[in-house]
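Asker: Read top to bottom, the protein sequences are chains R and P. When the letters of the first sequence are read in order and numbered with numbering that gives the first Met the number 0, they come out as residues 0 to 170. When the letters of the second sequence are read in order and numbered with numbering that gives the first Met the number 0, they come out as residues 0 to 353.
A portion of the hints provided could be inaccurate.
Claimed, not checked - Each computed DSS-like pair below joins lysine-lysine, with the alpha-carbon atoms no more than 27 Å apart: (1) K268(P) to K157(R); (2) K249(P) to K144(R); (3) K249(P) to K149(R); (4) K268(P) to K169(R); (5) K63(R) to K142(R); (6) K63(R) to K249(P); (7) K79(R) to K123(P).
Keep in mind that the hints were calculated from the coordinates and are not lab data. Computed from a predicted structure; not experimentally measured.
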Amino acid sequence: MNDLIRKILFFDKTISVLTVLSLLVIITIIVTSIYANETKSRNKALRGQLSEINALASGVVGTKGFVESKEKKIGMRKTKGVVSTMQQTLTSLDLKAKTLKPLDKKKVLEYLEENAELEIESTDLNHIVNLLYNIESSPIPIKIKSTSIKTSFEDPDKFTLKMMLALITKG
Amino acid sequence: MTNVVFIDWMEKELNIYEFVKAGNDYELVDTRSVSLENGFSPSVLDSLFEEKPDYLYVSLPLDLLTLREQSFPFADKEKIQDTIAYELEGTLLDSIDSYSIDHVITETFDDSSKVMAVCLEKTKLQDIIWTFSSAGLNPKVITSIDLWLYGGKGEDFLGKPISDRSVRAETARKELDSPSINLRKDELAYTGDVEKFIKRIRVTAVLLLVLLVLIGVFSTLRLTSAKKENRELSGQMQALYRKVFPGEKKVIDVGRQFQGKYNTLKKKKEALAGISMLDILLDVALKNDRAATFHELNANGKNIIIKGTAGSFEDVESIKNSFAQSFSTVKVTDSSSSADKKVAFTIQMLEKKL
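Could you put together the complete structure from these sequences and hints?
Answerer: Now the structure itself:
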């Protein structure tokens, strides 16, 4: 029987050639299957990434627009400082600050925050809204870090406004 | 059903016994004779069969064989076969290598045996095989039923062969079960079964190869389609990335680069954006519906705290529910009724992040 197997495998050329060809095809099948499976799993991951990016894209565009507009404001002009900038704004609105004092400077990422504290007493809501609008739409990059609006004890139509502000410049 | 033919070659004629093998038994189905007056040639054999038999056994006449009686100090058949050639050295006309040799044990004693060595020149054997193969026949066994008929006793070999056909046919049937000798040995051995087997293996191998090629084609198509999809997805991702970040020139790993850029933008936005107090004020004013009076509003980028008074606890709950439409995690942290039957409350909430 061993002789027979030996004869078949080693001395029959047709069977030898067919065996070699079959082995080559098997190797090709194994290699292509492995490669196809890898590619399919890569595609699955890509599909996941694509749907994730698709979902994030509009938000990213909005965020990018916001950041670019702020950075444009930062780069546009040289500001005098947070106190004088705010003083100018208050004057233009006919408002007088009880307190307007500079605080510390702080580096955040590539920016420098110049902080200040503002307090205005006995002002009406209309003036407060005007001031907030001026700050938020100002070409000068000032951000409001915290706000406190309280009615005054004597007159419920009058308010005390306290704000922590920061002028942002390139750090 | 296997067709087995036994050709009994006698001096002047060929007796053909056709058997059918059913299970382990051979059944005699036909007997006929052909004259050899014109000699033994492929043309005689050509006309013998309409359909070639599955197996062919041939019995040679004794006058073609060379017989030698030998004694051995053992009775083991294999051992005798291994040593018989050396024992015959010098007793044959030619070198022992030019003979095909087999033997029949004629008598066995306790520790010895008498053996009849049956020899045939390889050239003669080759001629016989060639004659058969020229007629498309390939004998599986070449034996001599006369050895059976005479019981292997040397003194009877001089007599004439038994010509009773029924006796010879029965002896042939016994030879099919267990050939007494087979002169097809070594390089002249029968390889018909091997060839049939190889043929079957070849067919199987071809079919297997065809199947493998089909699987290979399927596998390659699967890979091609996966690669095509990969290219399309990569293209879509690149296009989307370039749409969001048009200035970007070097795009290697879209997923990772996009995530990196997105994280950087989020951090920058956190650093640049302050509290949008106007939006907060507008939301608070719109949701109030004059159910409450607010006295204080604090916002620090994380929490929004509103303090005020309402007509009842239900009004406080109603305000809280209204705020929940524009703010998140709205909760009443404090509420108490005062002397003027109004309810003082504190509501804490968070800005809704988009």
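Asker: Would you list, in rising numerical order, the hints stated earlier that this structure does not obey?
Answerer: 1, 2, 3 and 7
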